[in-house]
Amino acid sequence: AQSVAQPEDQVNVAEGNPLTVKCTYSVSGNPYLFWYVQYPNRGLQFLLKYITGDNLVKGSYGFEAEFNKSQTSFHLKKPSALVSDSALYFCAVRDSNTGFQKLVFGTGTRLLVSP
Amino acid sequence: DVKVTQSSRYLVKRTGEKVFLECVQDMDHENMFWYRQDPGLGLRLIYFSYDVKMKEKGDIPEGYSVSREKKERFSLILESASTNQTSMYLCASTSAGSGTYEQYFGPGTRLTVT
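Residue numbers (this note's numbering), protein chains in the order written: chain A, 10 to 124; chain B, 9 to 122.
Check before you lean on any hint, since a few could be wrong.
[Unchecked claim] Covered by chain A, according to a simulated footprint, are these stretches of chain B (three or more residues, beta-carbon under 8 Å):
1) 56-65
2) 91-104
3) 109-121
None of these hints come from the bench; they were simulated from the model. This one's a predicted model, so the numbers in the text were calculated from it and none came from an experiment. Idealized CB from N, CA, C, for every residue including glycine.
This is chain A alone, in the form it adopts within the complex (with noise of 0.2 Å):
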């Protein structure tokens, strides 16, 4: 079965250091896999996705991600954080066992920028 795990809770950084927050996948086929966003009391906003191509994607909001088949990771980064851009991420995959365009999502990693 399709499944992200986001190993960390929640990531503390301070505006204007470098970010990552951190996802890993298991799949069978190629990996469709996707980053969204949830600020308080929102819906999820999509940040970015990677299906093909070019191993590092970039997003919304300045974010990137970096696929890397051996490691099975698709980790999210920002060269410089703010602290707007505190919120809740999430990584998804697609779930390939299916005929359906279903997501399935990690757990959530919430990231608290410091000024």
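Given chain A, work out where chain B should sit, using these hints.
Using the frame of chain A, we list chain B on its own:
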């Protein structure tokens, strides 16, 4: 831009009540999904629909049912609400033809069952 709306942002219901949560999308998407979000558990799929009147169970369908009478509208029904259904409920939609699996989410409904 895709817009997914949900009928209520906050809802308080009593145990045993029948509860309707509604979701509407304006992009003619074929696929619609209902998730519940709980701390430490992430998003769990309750039901999804790939066409009008068609539905499939997700990972946690017990205690829930759904209805899709029109393409743009997908309703989640709690037949007899219980306190363990207190949660954040998120609706999402995606185009079957896009091939990219990207889902668009509504703002969520925070349901409290007392």
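Now for the hints, and whether the structure bears them out:
Counting residues of the region 56-65 of chain B whose C-beta sits closer than 8 Å to any C-beta of chain A gives 3, which meets the bar of three, so the coverage hint holds. Coverage of a stretch by a chain is defined here by at least three residues with a beta carbon nearer than 8 Å to that chain's beta carbons; for the region 91-104 of chain B and chain A the count is 4, and the condition holds. With a threshold of 8 Å between beta carbons, the proposed coverage of the region 109-121 of chain B by chain A holds, since 9 of its residues qualify and at least three are required.
Of the numbered hints stated above, none is contradicted by the structure.
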